[in-house]
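Taking the hints as your guide, dock the two standalone chains into a single complex.
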Amino acid sequence: QKEVEQDPGPLSVPEGAIVSLNCTYSNSAFQYFMWYRQYSRKGPELLMYTYSSGNKEDGRFTAQVDKSSKYISLFIRDSQPSDSATYLCAMSLTGNQFYFGTGTSLTVIP
Amino acid sequence: DGGITQSPKYLFRKEGQNVTLSCEQNLNHDAMYWYRQDPGQGLRLIYYSQIVNDFQKGDIAEGYSVSREKKESFPLTVTSAQKNPTAFYLCASNLGRLNQPQHFGDGTRLSIL
Chain A
1 QKEVEQDPGP LSVPEGAIVS LNCTYSNSAF QYFMWYRQYS RKGPELLMYT
51 YSSGNKEDGR FTAQVDKSSK YISLFIRDSQ PSDSATYLCA MSLTGNQFYF
101 GTGTSLTVIP
Chain B
1 DGGITQSPKY LFRKEGQNVT LSCEQNLNHD AMYWYRQDPG QGLRLIYYSQ
51 IVNDFQKGDI AEGYSVSREK KESFPLTVTS AQKNPTAFYL CASNLGRLNQ
101 PQHFGDGTRL SIL
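Line by line, the protein sequences give chains A and B.
With the first letter of the first sequence counted as 1, position 85 gets the number 85 in the numbering used here; the numbers rise by one all the way through.
With the first letter of the second sequence counted as 1, position 6 gets the number 6 in the numbering used here; the numbers rise by one all the way through.
It is possible that some hints are incorrect.
Simulated crosslink set (DSSO-like; lysine-lysine; CA at most 30 Å straight-line) [as the list claims (entries may be wrong)]:
id: 1; chain 1: B; residue 1: K14; chain 2: A; residue 2: K56
id: 2; chain 1: A; residue 1: K56; chain 2: A; residue 2: K42
id: 3; chain 1: B; residue 1: K83; chain 2: A; residue 2: K2
id: 4; chain 1: A; residue 1: K42; chain 2: B; residue 2: K83
id: 5; chain 1: B; residue 1: K14; chain 2: A; residue 2: K2
id: 6; chain 1: A; residue 1: K70; chain 2: B; residue 2: K57
id: 7; chain 1: B; residue 1: K9; chain 2: B; residue 2: K71
id: 8; chain 1: B; residue 1: K9; chain 2: B; residue 2: K57
id: 9; chain 1: B; residue 1: K14; chain 2: A; residue 2: K42
Worth flagging that the hints you see were computed from the coordinates, not collected in a lab.
So here's chain B without its partners, still in its complex pose (with noise of 0.2 Å):
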């Protein structure tokens, strides 16, 4: 079945420590993202790429950093920079052109441990 892979579902973090959370697609799409939600305040866009081995900022990209190596694959690194990393973060992706909607992964919950 195609679809969006996101791992691990849930990880934990400790202070002044990197992690990467894994997005993989199988639905051939070009552009991918990154969105972070926390609640009350929807989804807030991370990072975004629309073709491979280029990526743009998005809203909230401070304390984050992606690559964009694999049409398949848009990795998403929490850096110790980002002071409060508790959130729900969700991958999409979509065809990158107009009228296609964006579909999401099951997401990955980091907390701090």
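One chain only, chain A, in its complex shape (with noise of 0.2 Å):
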């Protein structure tokens, strides 16, 4: 079993849509849980960090972390072209090691 599992999608969206983006683990052990966004040949570029579980929101961005359910979501608001883009997730246990998800594509369709 991998530790981050992630459906790759495609997923393709209207604009102004909300997005839900989707990760699962396995160890119930990790405590920081983080989204990046990669654009196409570019490397991935941090949205969200959080530490445990609860919610955390940034503008049109809410990371949410459930740890009993060894599940976090990335949800994005009034979905834009430009938020077209590769999202990943990634967690870890210390801040030294860190495990990613395969990435989910998605497409904001205006």
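In structure tokens form, the structure reads like this:
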């Protein structure tokens, strides 16, 4: 079983829609959870970083962690064509070793 | 602007040739990492270094080598022993302490001639 599972998509939504991206994980000891956005031929860009369970909001983005279900989500409100990218989830025990999902490809159609 | 610079953006390797990918950071980060990204496989850790003159193998170190002579620099050499080197290579760094996420460069795409 992989440490982190992420549906690769592709996911296609109309502009203005709410997008929900999800990852599940197997190691209950993970404490730090991240979401990255990666445009084609670019490196991942850190979007959200959370510790333990709960919600964190930053503009149109909300990250949610449910440690009891070993499930994390990223919500994008009022999605824009510029949000079209691959979204990677990542998690860590200590901040030195990171485990990544395979990424979900998102297209926002104008 | 602070950041991580990877060069070159594209690189081609001939059979039997070693090639070196450059990674430089001016974020004053202690830890640096090399990942390989292949379609459908996510990021796989090749090597990482938490301090100068020290580094550890990751999950797929065979056929690769690194050095860490300066805090700012962590070059990766893809040797001829790496039989399937075609991939997107990403360098990352962080402070190496608890509660610190990684930041990435823009990658080097390596292809075989």
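Status of the hints after comparison with the structure:
| no. | hint | verdict |
| --- | --- | --- |
| 1 | K14(B) - K56(A) | violated (48 Å) |
| 2 | K56(A) - K42(A) | holds (25 Å) |
| 3 | K83(B) - K2(A) | holds (25 Å) |
| 4 | K42(A) - K83(B) | holds (25 Å) |
| 5 | K14(B) - K2(A) | violated (34 Å) |
| 6 | K70(A) - K57(B) | holds (28 Å) |
| 7 | K9(B) - K71(B) | holds (22 Å) |
| 8 | K9(B) - K57(B) | holds (24 Å) |
| 9 | K14(B) - K42(A) | holds (24 Å) |
Checked against the numbered hints above, the structure violates hints 1 and 5; every other hint is satisfied.
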